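Novice: Listed below are the residues making up each chain.
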Amino acid sequence: MSSNAIIFISVALVLSLLSFLMDRQKTVAGFKRGWQMFRGLLLPFLNILILVSIFLYLIPPSLINQYLGAGSGILGFLIAALVGSVTLIPAFISYPIAAGLLQQGASYAVVATFMTTLMMVGVVTLPLEIKYLGRRVAITRNALNFVAAVIIGLMVGIIL
Amino acid sequence: MRKFAKRYQVYVWIAALAIATALSFVFGFNPGQTVFLNFRVSFVEMISFVPFLFIIVGLFDVWVPKESIQKHIGEESGLKGMALVILLAMLQAGPLYGAFPVAYILYKKGASIRNIFIYLGAFSSMKIPMLGIEIGYLGIEFTLARTLISLPLFIAIGFLMERYLRGKEFKVVSPSSPGTPGK
Chain A
3 MSSNAIIFIS VALVLSLLSF LMDRQKTVAG FKRGWQMFRG LLLPFLNILI
53 LVSIFLYLIP PSLINQYLGA GSGILGFLIA ALVGSVTLIP AFISYPIAAG
103 LLQQGASYAV VATFMTTLMM VGVVTLPLEI KYLGRRVAIT RNALNFVAAV
153 IIGLMVGIIL
Chain B
9 MRKFAKRYQV YVWIAALAIA TALSFVFGFN PGQTVFLNFR VSFVEMISFV
59 PFLFIIVGLF DVWVPKESIQ KHIGEESGLK GMALVILLAM LQAGPLYGAF
109 PVAYILYKKG ASIRNIFIYL GAFSSMKIPM LGIEIGYLGI EFTLARTLIS
159 LPLFIAIGFL MERYLRGKEF KVVSPSSPGT PGK
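Chains as they are written, first to last, in my numbering: chain A, 3 to 162; chain B, 9 to 191.
Treat the hints as calculated values from the structure; they're not laboratory data.
Please note that the accuracy of each hint is not assured.
Once the Cα atoms are required to be at most 20 Å apart in a straight line, the calculated EDC-like pairs of lysine to aspartate or glutamate come out as [claimed, not checked]:
{"#": "1", "chain 1": "A", "residue 1": "K28", "chain 2": "B", "residue 2": "E75"}
{"#": "2", "chain 1": "A", "residue 1": "K133", "chain 2": "B", "residue 2": "E177"}
{"#": "3", "chain 1": "B", "residue 1": "K117", "chain 2": "B", "residue 2": "E149"}
{"#": "4", "chain 1": "B", "residue 1": "K74", "chain 2": "A", "residue 2": "D25"}
Given the structure is predicted, the values throughout are model-derived calculations rather than measurements.
Isolated chain A, as found in the complex (with noise of 0.2 Å):
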C-alpha cells in the first residue's frame, strides 16, 4: 500500500472517530455528503484515467522530455502556460495528468506552469466572468493571473 494511501486512510478514520464521538448524526450526513462528491467526479475521473493509460502508451518519453523536459527552455513553459489557459480541465482531474507529465519525464517548473494557469487562468470561462465583472476587470484579472501563473510555476521549478 502506498504511503498516499496510509495517510489519508489514517485521516479519515480519526476524524471520523472524532466526529463519531462528538454527533452520530452529523458524521452520517458528512458520510453521505461526501458520497455525493466522489459519485460526481467517479465517471470523469475514470475517462481521465483512461485517456492517460492511452497516451502513456502512445506518446513516447523521449518526445514529452524533448519539448517538456527540463531542457526544453522556454519552449515547455510556453507550451504548458498556453496549454493551461486555453483547455477547461476540471483542476481535479488534471492532476493524473500532471503526475503523467511528470513520470514521462517532463520538468517540475513545465508542470507546475501548466497546473497553475489551468488554474488561475480561464479562457474558455471569460465570457461568463465578464458578465459578473464586467470586459475590462474580467481581462484585467485574466492577465495578471497569467504573469503570476508563470512566476508561481518558475519558482516552484526553481524549489523542487
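Fit chain B to the known structure of chain A by using the hints.
Specialist: Just chain B now, with coordinates in the frame of chain A:
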C-alpha cells in the same frame, strides 16, 4: 432512444476500455494489454486514497458551516477579513465558474474589492478537496511550494485590482437577475 443514449453516453469510455481489453487479451494484442495495465495501476492508485479524501471533505462540509463564515464577511476588515475570505474559498469545491456567484454575494454583503479578488484567487488554487488530490498525485512538497508561493501573489493581485479600480465604477453583477444589476 435519444434519452437512452444520453443516459448511457457517460459510460462509453469505460465500455470501450472493457471491450478493447477483453479483445486484446483474447487475441494477444500487446498495445491493448499495456494500456489496460497502465489503467489498472492508475485506478488502484486513485481508489486507494480518493474515497478517503472525500470522507474528510464531507466531514469538513458538515462541521464547518460555510454559511456562518459568509455571514461575517464584509463586517470584518484588515487581516481578519482577508483570512475569512481565504478560509471561505478553501472550503468550496468545484470549477471556477462556481466562484462568481459567491463573489457576487460577497460584493452584496459589502466585502472590499481587494477581498473579492483574493477570494477568487484562493478559490482557484487553494480549495481543500483540490489540495488533497494534489498531495496524492504530486506530493506534499509540490503542494506546499505551490500554495505558499501562490498565496502572497494573489493577495498582491487583490491589492493591485483595488488600486486599479480606485475611483472607477466597479460592481459585480449577477446575470441571473438581469433586472437589478449590482443593486
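Novice: Each hint: holds or not?
Specialist: Each hint, compared with the structure:
| no. | hint | in the structure |
| --- | --- | --- |
| 1 | K28/A / E75/B | 16 Å, holds |
| 2 | K133/A / E177/B | 15 Å, holds |
| 3 | K117/B / E149/B | 37 Å, violated |
| 4 | K74/B / D25/A | 19 Å, holds |
Comparing the model with each earlier hint shows a violation of hint 3 alone; every other hint is respected.
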